[in-house]
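Once you have looked at the hints, place chain B on chain A.
Spelled out from the first residue to the last, the chains are:
There are 2 protein chains.
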Amino acid sequence: MIRRFVFGQPIETGAVVQDIPVCAGEPEYMTVTETEEAIILSRTMAEDDIVYGLGEQVRGINKRGFSYISNASDDPVHTEEKHSLYGAHNFMILAGDSNFGLFVDDPGKVVFDAGETQIDTLTITAGKNCVIYFIDGDDLKEIVHQFRGLIGRSYIAPKWAFGYQQSRWGYECEDDVRRVVRGHHDNGIPLEAVYMDIDYMEDFKDFTIDGDKFPDFPAFVEEMKQQHVHLVPIIDAGVKIEKDYPVYEEGVRNDYFCKDEEGNDFVAAVWPGRVHFPDVLNSEARKWFGNKYQWLIDQGIDGFWNDMNEPAIFYSDKRLKEAMDEIISMKGMNLDIHSFFHLKDIVRELSNSAEDYASFYHDMDGVRVRHADVHNLYGYNMTKAAGEAFDRIAPDRRILMFSRSSYIGMHRYGGIWTGDNNAWWSQLLLSIQQMPALNMCGILYTGSDIGGFGGDTTEDLLLRWLEFGIFTPLMRNHAAIGTREQEVYQFTHLDNFRNIIRIRYGLLPYIYSEYMKAALKDEMYFRPLAFDYPQDKQAAGVEDQLLVGESLMIAPVYKQNAKGRYVYLPEDMLMVRMSAMDNRSCEVMEKGHYYIEIALNELVFFVRKNHVLPLARLGDSVLTTADLEESSYEWLGYVTDQAEYELYTDDGISKDYIPEEQWKIYSFTAEDFADNFSLQNID
Amino acid sequence: MIRRFVFGQPIETGAVVQDIPVCAGEPEYMTVTETEEAIILSRTMAEDDIVYGLGEQVRGINKRGFSYISNASDDPVHTEEKHSLYGAHNFMILAGDSNFGLFVDDPGKVVFDAGETQIDTLTITAGKNCVIYFIDGDDLKEIVHQFRGLIGRSYIAPKWAFGYQQSRWGYECEDDVRRVVRGHHDNGIPLEAVYMDIDYMEDFKDFTIDGDKFPDFPAFVEEMKQQHVHLVPIIDAGVKIEKDYPVYEEGVRNDYFCKDEEGNDFVAAVWPGRVHFPDVLNSEARKWFGNKYQWLIDQGIDGFWNDMNEPAIFYSDKRLKEAMDEIISMKGMNLDIHSFFHLKDIVRELSNSAEDYASFYHDMDGVRVRHADVHNLYGYNMTKAAGEAFDRIAPDRRILMFSRSSYIGMHRYGGIWTGDNNAWWSQLLLSIQQMPALNMCGILYTGSDIGGFGGDTTEDLLLRWLEFGIFTPLMRNHAAIGTREQEVYQFTHLDNFRNIIRIRYGLLPYIYSEYMKAALKDEMYFRPLAFDYPQDKQAAGVEDQLLVGESLMIAPVYKQNAKGRYVYLPEDMLMVRMSAMDNRSCEVMEKGHYYIEIALNELVFFVRKNHVLPLARLGDSVLTTADLEESSYEWLGYVTDQAEYELYTDDGISKDYIPEEQWKIYSFTAEDFADNFSLQNID
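If you read the sequences in order, they're chains A and B. For what it's worth, this note's numbering labels the leading residue of the first sequence as 45, then goes sequentially. For what it's worth, this note's numbering labels the leading residue of the second sequence as 45, then goes sequentially.
Keep in mind that a hint or two might mislead.
If several chains are the same, the list does not tell them apart, and a pair holds so long as it fits within one copy or across any two.
Claimed, not checked - Derived lysine to any residue pairs resembling SDA-like cross-links, with alpha carbons at most 25 Å apart:
hint, residue 1, residue 2
1, Lys172, Ser117
2, Lys581, Val76
3, Lys603, Gly140
4, Lys581, Leu644
5, Lys708, Asp435
6, Lys331, Pro120
7, Lys126, Ala524
8, Lys607, Asp157
9, Lys365, Gly376
10, Lys287, Met374
11, Lys699, Glu567
12, Lys287, His382
13, Lys565, Ile46
14, Lys607, Gly636
15, Lys287, Asp243
16, Lys388, Asp243
17, Lys603, Asp157
18, Lys607, Gln162
Keep in mind that the hints were calculated from the coordinates and are not lab data.
Chain A on its own, in the form it takes in the complex (with noise of 0.2 Å):
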């Protein structure tokens, strides 16, 4: 049961796509306090009441003890002191004695006060105009489903993007990405898509492509395609200001850029100096924008990842004179504490500062919006420009897209990934903890920068990153210029990359139906282990632990030197350990806490009881989804009774989803898996 409150005049996001009747009166859950500028809504926790969602956001599975804020933000050290992040995610889940979900759709700032301020008290303060949803449900899993249901779909991305990926802000030409094809495939490891990060562009500007560095564009595309390597170039927020650069004179000619106070194209300042920020609010500029794309899909493109669109301001062009002034006083004095920090603060406060998203604005077709009052909206609209023109681009088939910024709506046109982690065990550990809450706001298409993006990587990091990404939808390693080169084929034991790469294409017949089950039934891919172990107070505390689809649990080794790991196993569960595809063992273990070691070149999973998993037979030349074996399976299983298992299958690019020819159902029995948990050739 979904209930709808209304307060003041809400802005409409897109966010929700079902139309729930307005309620009167108080919602049961919280109390509500109206001011003159907020909605307040507060209650008291019980010890062992959990919070759960707000997706993209630091600290645990269970939100406790922290204020989170939804206040889109370029932000690249994800520390735990951090409000926000890049997207903003209003929905969560209050988990004690009774359960109810609430997502609070206002595209400004809100603050989830989950017990800092008091320990024991929830005060959520969202903006006057909102529209609030509670959710009633006794089953975390079916308050999630309804919520899902209310806000759609999410994302298909296709087959190909669900292989191993590569990136890196720094490949500058073809020859940068023919290396790193080679150096993984001359190396048997496969790899299915490079990154075009910033460095393809002329001077930074949208829809260009550098010809020094790419001189015959659509020529290597297709060299690429030859190898069935996928390029996906990055596209940016701000188009440069730039005289005869036909992105920046068509959207001055046609107002599709956001104004200043005094009606006059918005200028900030972002990669390549001065730039405007298309409308994406405004219908006639999002499709406009969404265009754009289509010059980069002629040329072969099949795949973007839209950057910066919190939107990310380095400087205002106002703000930047200003502080320039005020430096150049400084000049000749003697800077002491006050005034030393405050000229660093200056510099600081140049970037993303909130007094320059409070001094533009949007047409919302007719509407004039202060930019601060719709932040949260910019990056899901300017991927809803993508998504909204790729149907009428290429109406039959999927176009990989991601974005860094997101509302609870996006999902529905794209996946994000975490945005710029960095090269820390405790960003792994973050990453595993922010996948379920991603997943309850519907964002299914996603996963970190493996190794971390900012930093020095290291060998064993990247490893045991990996041994938890094969599991993410998103699976890219990507790391920012300056770092140490972090491609698996610079490190000292390739063998391990290898086996390990290897493992999720075997996997990937499972990891797909999952993934479709999650997107077409409104489920969720990643789930903490409460969602299906409700009764288990035990299950409930685990943070490192997750659900992965319907048969699997994953317990990933995020600390440094680890030789293993303490387990929870919820259930009686098959553990599988492998460091190939090929070298596998099997044991049963009983419910219970273990202590399992798990050697840095190891995989171990678990699979549920009565439950099992298709794996892909993989020759030696699996290179990339193009050369997977796909008519017959290998099946995993733990059953003592029975089994049954949807699989899921599709020509892994169009959009047409229909259940009797893509789903099939296989059945098992405890026999079948007699011989060492493992059936052979069932086409």
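Positioned in the frame of chain A, the structure of chain B alone reads:
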């Protein structure tokens, strides 16, 4: 067995107090390569080899997989990628099939690459002039014991400094301090000392007191002393350049300050703006600066903390001018990625720049030495200045002293705190992991800023941190200006805080005895499990439990929302669970792995088999160590056979350590502890 290898013409650091003959030939454990600039030691590490030591650094107890650079750095963000913190502690142990210790006595930059660059290779790069000591030993404790003998006896703090202490950058005046004392004592919470951060001085001038804030300082010190509360003022490295300020004038007149390239007093800036640095590497200047502490001692002060002595530099005069000119030249430009990032770098790189450290000089008793070559000796010698002065000013009694920056050798003159950490759960774990590494290097009087210095703490984090902090010799809650007020009485569940802090006082007879054992017998107060259970492979991997003194093992909870944790018992132990001194339960547990529930307000620790510990009997009114009744003890023990305990008592202040008077051996049998593991009233 200690062997000493000398390369080039090393600078005498004073780290070592024993005269070890120089070894000819090559050290057996590592390959040595001498280049024009460096001494490079390297060797292959086996898969299970562990690197211990290196003192104050990030990451785990096992330092493998990262590079650590000894280069004293004022860096308040202790994330995993930081190669240098405030101290330089060049002692490490490689533990594997054979164990050895290694100390690089080089006051310049030393790099320990413990498998970051190549996962299986340890590489140490020191300057071309250095002394390297290799220490043999099968037993890890024995290696440390030898090393500690080499570097001399660790500093011993007065007993009151083992009580609970409160600090905050931002206690401005007498009334602020009074409020803090009342906030604790009126609520029955012990409090022993209040710290005076930079706020107390006149314009951040060392050895001044702002008369507006403290109109009669000696009277105020006395007022506090009546309540047995000590005031601990901060002393900064930089001396403000200000005409008629006596410390400045004397320093200039006598050439006591560090010089620039041209022989003028070097101008850097810190809190007060422009300062000079006392040349504490010069014995005359050191004596002069040390004598300055007397002015505060004469007013009743008996404890200090030395800060900003890496030395931290906000900017140098010269580079600020250059930076300003460069910024001004950028005015009006279209700042793109390159130029805008450059602008940010200009400001960021003003502080703590290697270029500045290379641009000033010490007069080491006649020899002009570039600061960069002896950078890591500065904080050490500032603290040595104080320590040597204390021996002159107050030869018979202990004065509290700890420092931010340090080098091995300084441990004889004071402790350290672990600097400007953050209110992050991960920093609590870091603190746990740093303790044994610091102990190896002789630094015993140490602890972290409980609750976290930067950022807003939360009630649960502070409480869990205190539950670990009650075992650290320095137990101090400290926070930065601008953060949430984090005195324990600011939070909802005050009882929890009172109960936990009172347990510290109950444990003091044990903590103090064990501290004195570690100091007087060259032992470690905190030890990794592997040091006491060398044959136990499982113990070798434990990164979040410590042995504390001879009788205890701790396993702190350091994860938000955790209701318990996994614990490994390397032998049968007695689990003691307390939520208050008078609310305790005990349970014998066999060697093995456990998941143990530990509520937020509970302390759990483990008594080793055939070990005991003394507990103080606490009246309700214990507010400081002065209130402790120590004529008899309650004993807690897990004795299946027999146990002995060597208890240390003294007057807490004098410097005479007379074994026959201060040590007393107590012997116990199994029957003594038949009644609930407790034995009452043994005097």
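### Query
What are the numbers of the hints that this structure violates, sorted from low to high?
2, 5 and 6
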